[in-house]
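In order, the protein sequence lines correspond to chains A and B.
Counting along the first sequence from 1, when you hit position 59 you're at 59 in the working numbering, and nothing is skipped either side.
Residues are numbered in the working numbering as their position in the second sequence, beginning at 1, plus a constant of 381.
For the record, the hints were derived by calculation from the structure and aren't laboratory data.
Check each hint, because a few of them may be wrong.
Partner residues aside, some chain B positions facing chain A, computed with beta carbon under 7 Å [what the hints assert, rightly or not]: (1) Pro395; (2) Pro410; (3) Leu423; (4) Gly427; (5) Gly460; (6) Thr461; (7) Glu467; (8) Val495; (9) Arg498; (10) Cys526; (11) Gln588; (12) Pro595; (13) Arg613; (14) Trp620; (15) Tyr621; (16) Glu659.
C-beta atoms are modelled at their ideal positions from N, C-alpha and C, and glycine is treated no differently.
Number of protein chains: 2
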Amino acid sequence: MLQITQIMNASAIPAAFQPPPRLLMGPGPSDVAPAVLKALALPLVGHLDPTFVKLMEEIKTMLRTVFQTENGMTFPVSGTGSAGMEFCCVNLIEPGDEVIVGVNGVFGGRMVDVAERCGARVIKVEAPWGKIIEPSQIAAAIKTCKPKLVAIVHAETSTGALTPVAEISKLAREAGALFLLDTVTSLGGCAVEIDTWQVDAVYSGTQKCLSCPPGLSPVSLSERALKVARERKKKVQSWYLDVNLLASYWGQERVYHHTAPISMNYALHEALRLVLIEGLGNRFKRHEQCHLALKKGLDEMGLGIASQEGHQLWQLNAVTVPEGVDEADVRKRLLSEHNIEVGAGLGPLKGKIWRVGLMGETARPANVEKFLVALRTILKR
Amino acid sequence: MLQITQIMNASAIPAAFQPPPRLLMGPGPSDVAPAVLKALALPLVGHLDPTFVKLMEEIKTMLRTVFQTENGMTFPVSGTGSAGMEFCCVNLIEPGDEVIVGVNGVFGGRMVDVAERCGARVIKVEAPWGKIIEPSQIAAAIKTCKPKLVAIVHAETSTGALTPVAEISKLAREAGALFLLDTVTSLGGCAVEIDTWQVDAVYSGTQKCLSCPPGLSPVSLSERALKVARERKKKVQSWYLDVNLLASYWGQERVYHHTAPISMNYALHEALRLVLIEGLGNRFKRHEQCHLALKKGLDEMGLGIASQEGHQLWQLNAVTVPEGVDEADVRKRLLSEHNIEVGAGLGPLKGKIWRVGLMGETARPANVEKFLVALRTILKR
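The shape of chain A in the complex, shown without the other chains (with noise of 0.2 Å):
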């Protein structure tokens, strides 16, 4: 019975991993607090056990002070930023509905993929990337058909885009449809505000501004949307992601459904307090402050930000590469010469741009000096 066919001979087994100093400075992951880290690596318990029904429901309520949401269901999706996408468009859209998406980025192009896998009419509404998606855009798209769903990305982190959502929410809901928001890069870095925004179902990521490890998306979804997942003619194509499912695990019934990626749990939790400790506000203006002293840096060595102004994210900042430099030699070099990590500009943007993270952890005066710094000693300005 014991065949073991393959047996890996003892030098070739891996040395353990030792990972390098790194500053996360890209789209995310952001670096990550050293009691987030110690949270991380407590020991077990069951996914059922008491004390771990009280921490998930202790991350529920602190989430909803993160989303300024009072939704019953706000949890985190045991899966990555995109799997909470896919989370509420399962749920969401049946097939054949007509659903209108705001398209400035990867994400928008993003959700317009998984809506489709839905079975969705897609309306694309698009902007270039940059730039943000008007109000007028998505009224105009309202008029052509009848949407069950409008969707945009808050934060574009392809982008440095911040679309503004009151008014796009308004129309939404005026046109009978629900509204979907997407706040990946957003939520703990600037203003969400998903009950005041009338939001009916939100996703986000633990990796960016709440300087969690990759691993969960926290979502929310209103009644409303609640109710349109309920009353659905077909189930849910996804079985993991199907909140009739996971309302019994993460509600009062405590029905067994998966089993939560536990140490992940316990990350969030720490990552959530570390966030309310603060304070969203004075956390809010951190994010801003170090995004204004990186412009100012980058100003004095003659470079610019190139989404739109008065719509750019303080926490993810699209710096423009300067004629004749090499893009991807200078992020080479910020990384095995100075530790650092930017991010690469994707599809239009690439070779254009240097996405520059600060969210959460990241988002230091000394961080944004360094950084300054190590650009400063490469491009010799």
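Guided by the hints, dock chain B onto chain A, whose structure is given.
Frame of chain A, contents of chain B only:
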């Protein structure tokens, strides 16, 4: 802009989580080795960092050894075991496909649900809970349809039965069907031989006999399975789990797909190292010996194991609850008085069995003894 409407009162912020020191003898998660917890707490690098790419490669290589396969497409899906089940189904099944699923417990039943959500016409092959699926049953089912896929659960976590695989795989292949195997509870605890058994698609979980926290699902697809996924008529209904997209991220191209759960991959890397350092043969023997020690101790108390004789899992023991004993009360006392977690029975076995896991790090003679002493104390036997 900074109207924080629901500032959480500082006194309402939950305290840092302090888990009680549990011995995890339930159906998973199992105890996690200190070295794996330590790996979880290492500082993060980016998910496209060259050092993380190297870590991914090492994980793939080690997983191949543990699965006993040369399949290139062997990697951890960024979700728990049920996400792995869904990964296999969404990629291989198209609407209208006929799929045979063996159902002898919770997880076979779950596979039926997942396959139906992919549009499959499912032919169920059922056995009483605790019994195995017989090859003759599969052979009979094959005569009634033209299956694209035959799926069974190797080690049923809900009943403690181990279904032999080789003959069923042969039947599937002869019928021109792909063969899908759930190894969530078997992998790392007893022989799993993907290439010898000619398994086309397999998924597992990290939190059982690999003794890594829950959060990832190791999977492997054969070339035959990959071809089926590549040549689909319809797009895979899940963007998050689409192997055609994941192949570019986990393959040589390193195209950004989603942000991999960095810390969980650190943990899996270390957990796999520990498995290989121990050696698969030694590890299986340790699981067998613990099972035999448990069985002997139970026998001395007049207790038995409910699953089919000759096919009882080493790593998950369905201990029969004696007449007149309150199953739930004993389980609660094991937890509250002895810090030992065991699992409850599910479905038809609810109230009739305790599920005693001896998985990975938990499978130690001292733990078996600790459990027997605690049970003896509570039952006064």
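Evaluation of the provided hints:
no., hint, verdict
1, Pro395, "holds, 4 Å"
2, Pro410, "holds, 5 Å"
3, Leu423, "holds, 5 Å"
4, Gly427, "holds, 5 Å"
5, Gly460, "holds, 5 Å"
6, Thr461, "holds, 5 Å"
7, Glu467, "holds, 5 Å"
8, Val495, "holds, 5 Å"
9, Arg498, "holds, 5 Å"
10, Cys526, "violated, 22 Å"
11, Gln588, "holds, 6 Å"
12, Pro595, "holds, 4 Å"
13, Arg613, "violated, 12 Å"
14, Trp620, "holds, 5 Å"
15, Tyr621, "holds, 5 Å"
16, Glu659, "violated, 11 Å"
Hints 10, 13 and 16 from the earlier list are contradicted by this structure; the remaining hints agree with it.
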